[in-house]
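S.K.: With the hints as constraints, model all of the structure from the sequences given.
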Amino acid sequence: MEFEDILRDVGDFGSFQKILIIVFLIPTFTFIPWISLNAVFVSSTPDHWCNVPELTSSFLSIDEQKYLIRPPKDPHCTRYDLNYSALLTSQNLTIDPKWPVKKCDLGWNYDTTNYDETAVTKWNLVCEDDYYKSMVVSFVFVGVIFFTPLYGFISDRCGRKPTFLGLALLIAVTEMASAFSQNFTLFLFFRLIIGSTMSSMYCLGYIIVLELVKPDLRARVNGIATNCWTGGLCLLSLIAYLTRSWVYLSIVMSVAAACLLFFYRVLPESPSWLISQERYEDAARILEKISISNQRHIPFEELIKNIQALGKIKKESMRQKNSPIDFLKYPVLRKRFLLSVAAWIGVSIPYYGLQANVTNLSGNEFINFFLVSIVEVPAHLITWWLLNNIGRKKTVEISYVVCALSCLIPAFAPRESSYIGVITTLLAKAGASAAFMGQYQLCPELFPTSLRGVGMGFASTVGVGSTLLAPFIVRLNKYGYYIPYLIFAVICVMSCFCVSFLPETLNKVLPQTVEDVERCVDDNDHLVCGLKKRQKFTLEMKLSISEQNTKNDVEGSKDIFTIS
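Sequential numbering from 1 applies to the sequence shown in the working numbering.
Note that these hints are calculated values from the structure, not bench results. Since we're looking at a predicted model, the values are computed, not measured. Ideal Cβ placement from N, Cα and C applies to all residues, glycine included. Mixed in with the good hints, there may be bad ones.
As the list claims (entries may be wrong) - Ranges of calculated distance between the beta carbons of each label pair, as one might list FRET restraints:
1. 362 x 183: 27 to 37 Å
2. 173 x 73: 44 to 54 Å
3. 153 x 309: 25 to 35 Å
4. 57 x 411: 43 to 53 Å
5. 116 x 334: 15 to 25 Å
6. 54 x 153: 53 to 63 Å
Claimed, not checked - Calculated pairs, PhoX-like style, for lysine-lysine (alpha carbon to alpha carbon, straight line, at most 25 Å):
7. 102 x 66
8. 478 x 103
9. 98 x 73
M.R.: In structure tokens form, the structure reads like this:
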């Protein structure tokens with residue numbers, strides 16, 4: 001007996017699941033991308049120039065002040081070293097670019113076309129201190145690395161529902177606290193805590209819904225969650241445009257997180273988790289509620305009986321449970337695991353880096369952010385078709401190639417092409433988004449059932465955590481606008497190379513045990529460019545392959561090879 005058997009009896013896609021998707025999944029996954037990527041607007045750097053009090057209090061327009069202040073070589077961080085009071089008195093407002101200059105010593109003035117205030121303007125995170133801006137974004141992902149295991153432990157001990165709601169409360173409190181921070185170090189700490197919740201919020205919300213839906217509709221749930229993420233990104237650009245201030249934006253984020261607490265009455269605890277904790281009556285009450293909502297009306301006593309039988313089976317299987325150390329112990333599993341981690345790192349850095357780079361593009365950054373987000377919709381639709389027709393592996397490889405080639409365009413395009421960066425980012429983001437979706441499909445299918453969740457969770461967490469490098473890569477724009485794109489291209493090429501070692505999983509029986517993975521014989525499980533690798537087989541694996549080849553010869557099939 002499996003949990004899906006009990007779920008089928010109470011209704012595995014009825015009114016209860018549909019209401020849960022509409023009321024909980026859609027608003028939650030619209031909100032989750034705000035957690036990490038609102039930092040793009042919070043730390044946006046408006047046009048700025050040195051503050052000269054004599055000119056600020058004068059009758060001159062902003063453009064005239066800029067003309068008198070900004071040397072052509074470094075207009076943001078230096079000003080002409082002269083007596084501006086005397087200059088204004090002389091009425092001769094002609095500037096000689098050869099005049100001596102000096103660094104800004106009285107602060108900066110900021111353009112207020114798009115923002116009234118950002119964290120950058122509050123703490124003057126420009127010029128020599130501009131690397132602090134990168135830290136505002138990167139600290140979001142630092143939190144993912146250090147806190148995700150803790151939140152996972154809490155969810156295993158206390159349950160999915162209380163952990164999810166606890167994280168929502170944590171976001172509400174820390175977003176509000178960060179909005180009124182007067183100390184930059186304290187502000188960074190709050191950003192770290194806020195960012196630490198993103199991965200866990202996504203996984204917990206997704207798992208709660210996924211476990212209550214029949215298996216053949218889980219891919220549809222994944223599609224809904226993915227497109228809600230995209231919709232959330234598009235909506236975030238509108239909210240940032242309307243608020244105009246990082247303080248108001250943070251307050252909106254805090255209120256939105258607090259609204260998630262109202263799901264306390266709607267959100268069920270995971271019945272699977274309750275069964276694993278031997279809380280059979282609690283699980284039965286939730287499943288009874290589902291059956292009533294779906295008009296099945298399964299008796300409570302029958303549910304208890306089935307759940308207890310399932311619990312006994314699960315308890316027996318736990319005694320033979322695999323350990324995460326198996327990822328390093330077994331050669332084929334180790335290879336798949338390490339390559340998956342590398343591939344996740346390779347897709348996460350370009351994805352978030354391209355999104356964060358919108359503030360460096362020509363044009364309105366709110367519109368650019370919207371365009372870079374909405375491009376994910378056609379990318380997802382095309383990816384969905386490719387995954388089910390040409391395979392998971394090929395789809396991911398094609399996605400990496402599209403992203404890499406797109407990122408190479410700026411290196412050969414003239415800098416005067418003002419919109420080349422926008423077009424490049426749109427194409428590259430489509431490729432990165434497609435690779436992201438493909439990775440979510442390919443990665444879990446590589447691991448045995450007993451280690452699938454752990455392998456997927458660790459690989460994706462390391463990938464998202466590696467994104468802390470993305471803001472610093474984007475910062476290299478100051479040395480050449482094409483440099484971040486070239487780095488993203490190299491990362492994509494390396495990731496594509498790693499994926500080429502992985503097997504195809506489309507229409508393949510998924511491995512149930514570690515032994516299934518080690519005995520796996522797949523004609524795609526080799527490097528496609530033809531490089532040879534020494535094969536080491538145990539006696540048992542040799543016999544297994546020999547038997548398989550004999551069978552294939554009889555059936556007229558081609559030879560099959562395995563790399564361990």
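S.K.: It remains to establish, for every hint, whether it holds in the given structure.
M.R.: Verification of the supplied hints:
no.: 1; hint: 362 x 183: 27 to 37 Å; verdict: holds, 35 Å
no.: 2; hint: 173 x 73: 44 to 54 Å; verdict: holds, 46 Å
no.: 3; hint: 153 x 309: 25 to 35 Å; verdict: holds, 29 Å
no.: 4; hint: 57 x 411: 43 to 53 Å; verdict: holds, 46 Å
no.: 5; hint: 116 x 334: 15 to 25 Å; verdict: violated, 53 Å
no.: 6; hint: 54 x 153: 53 to 63 Å; verdict: holds, 60 Å
no.: 7; hint: 102 x 66; verdict: holds, 15 Å
no.: 8; hint: 478 x 103; verdict: holds, 18 Å
no.: 9; hint: 98 x 73; verdict: holds, 11 Å
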